[in-house]
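Since the structure of chain A is provided, determine the placement of chains B, C and D on it from the hints.
Residue numbers (the working numbering), protein chains in the order written: chain A, 74 to 269; chain B, 74 to 269; chain C, 74 to 269; chain D, 74 to 269.
Note that these hints are calculated values from the structure, not bench results. Heads up, some of the hints might be wrong.
Same chains, same names: a pair is fine if it fits in one copy or spans any two.
Here are the simulated DSS-like cross-link-like pairs (lysine-lysine), alpha carbons at most 25 Å apart as the crow flies [to be verified]:
no.	residue 1	residue 2
1	K217	K76
2	K76	K224
3	K105	K225
4	K225	K76
5	K105	K217
6	K224	K105
There are 4 protein chains.
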Amino acid sequence: MAKLFFRYGPMNSGKSTALLQVAHNYEERGQKVLLAKPGIDKKAGNRVISRLGVDRAVDILLAPEDSLLQRVLQASNFQTIEIACLLIDEAQFLSPEQVDDALALTVFHGIPVIAYGLRTDFLTHAFPGSARLLEIAHQLEELKTICRCGKKAMFNARMGTEGILRAGEQVAIDGLTARYEALCAACYLDPNATVA
Amino acid sequence: MAKLFFRYGPMNSGKSTALLQVAHNYEERGQKVLLAKPGIDKKAGNRVISRLGVDRAVDILLAPEDSLLQRVLQASNFQTIEIACLLIDEAQFLSPEQVDDALALTVFHGIPVIAYGLRTDFLTHAFPGSARLLEIAHQLEELKTICRCGKKAMFNARMGTEGILRAGEQVAIDGLTARYEALCAACYLDPNATVA
Amino acid sequence: MAKLFFRYGPMNSGKSTALLQVAHNYEERGQKVLLAKPGIDKKAGNRVISRLGVDRAVDILLAPEDSLLQRVLQASNFQTIEIACLLIDEAQFLSPEQVDDALALTVFHGIPVIAYGLRTDFLTHAFPGSARLLEIAHQLEELKTICRCGKKAMFNARMGTEGILRAGEQVAIDGLTARYEALCAACYLDPNATVA
Amino acid sequence: MAKLFFRYGPMNSGKSTALLQVAHNYEERGQKVLLAKPGIDKKAGNRVISRLGVDRAVDILLAPEDSLLQRVLQASNFQTIEIACLLIDEAQFLSPEQVDDALALTVFHGIPVIAYGLRTDFLTHAFPGSARLLEIAHQLEELKTICRCGKKAMFNARMGTEGILRAGEQVAIDGLTARYEALCAACYLDPNATVA
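If we strip away everything but chain A, and leave its shape as in the complex, we get (with noise of 0.2 Å):
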């Protein structure tokens, strides 16, 4: 039976270079993936990037309008080719729609979907993607990195010249317009955190 994973994490849990290795794994046995991303992530364009410094292009790069199912049955040429597994990069971004297509294409079409994503943005608040994924994932799977105490990290602060930042738009992207910084509660939730 297909599943649909989402395999959560804080920023530079490694999610990137974990969806590499599973394209990697499936295509050593000749076996063919798809990789999508939502295109809202203008940083790495139309890359999966691993901090490790392995990268590759996706095949589909997704708007927010799209039909995620619509799109998979395309490349897969009507599943004429077949697909063993979709991985999606930065699945905190896809909508609410795109995630039940999801569902969708593991019960309906056979396709197993690997979802990578943040869980929440840097008020704690889930994405519109990874709220749907949090909902009806078949297997929710945390990807772990740890926090500057040493403790497993959760949260992910986005910094400003004095500490914390604890207003501004959702969707800032890291390096580009906002810096950020993976924390666990006690040390996102402390008053007096300072910047590292």
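Okay, now just chains B, C and D, sitting in the frame of chain A:
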């Protein structure tokens, strides 16, 4: 480090039994636990009732506007009584603020919190409490049960005389004004699903 | 696809309660389960007994040299009775061959098997059954309980009047000829650990 | 509390990539990690090599009789250099004593240890190191890859020209004197399994 756990599962996955077992484990050690639940659940009143036949009264019956933080601090006589763990039943009905309080209890007061509840309603959308728990719990753990077809159940279908209901109020208590069945995604999405 | 699960946990982590809850979940659906346990456990005889106060008789009491495969096929009248799940209590006492049978039941007969048991004995070594389950179960899942210090317990200390016993026979049934306490690694390895 | 993790998975499940990503995550934070591996693995020598194309030298190449405790304490100049994490590659080849040392490092020296390795050999039996890790690791976490049939792979088949080999020495390094394929239980147990 105290943590906030969200142990989610569909109807009849054994959430109340699991909660009562954990309470038993602590008390066997001579450690004190607190049981809490939102007052919205009219069926069981102020008791946690397991389908295996075990039940007990809760210590804190929460009104929607209650501060969970204050209720717990009062129940522990402002931490002169050491609380080893706070156990919450029907956690999907917590308010988002009460979930934030649960996180604060772990981070600032060192009290572990284990919240048991449904992930989603009969239309596959999170309840206010579960939406917030899915965002900020330290750990998400699934309690499993089976669908009529033998696969893992995931959704909670509200059953009418003709099959699955696709519209209605979010809250309608099982056995009183509605009947539910835990289903896998395929059985839930099946347009021809019949009454079991 | 049917799977072999090993749900392991220390003494008093609620393994029998969890097993009885799963049996209940299946039967509520009108599906038939089989309960099995190795006959070595003299205390409970042919019953699965939960510390929460629930208990029931097993269908298959296994002798060490029994073929689990044959016993299950017989109990299902050679699969004319459909078995939705085989549940095994005290699975650490299975022989390695019986664990191989459990895997064969999932792969060749499509019967899911959930085995509940201890991971290790009082000297932190696996029992024959748990050693084999740790090698070949499709999925390893931990049932947790707490140590006297509040951390997660992991080991099963055999307690003498002066503290933790560091030598002796592998099998000595709890409450009959020995007394056990589930401890975390730090409390277990503490050379000065005292009786609780 | 520092923990001992055993992240196990079959051949080609991305264990070395995952290890290198974790090392990267710590170092990006300015925290020091140590990389260790048993010297038995002749293929990669003193390097951790990922199939994604990333690799680096290890800090500690362990001889079978080495004390892991002493080697780590020396490498940390007797803890005057703070070690944020010890990462072990090919952990199945550790001696049981070295695994006990790994647990001691977490409990008595506060150093988290993440051990990556195979669960079992080509005959489905644990290696000495993995057997001990399965017994005493604080947490068992599976790294997954797929079988030729699309299911989750679990076993490591040693392939001969006629199919799966069912006898031989436990250790034969992949790509040098043997060829392996990660298979699910059904494909591994299939008596007619052919060479891919």
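Those earlier numbered hints the structure runs against, lowest number first: none
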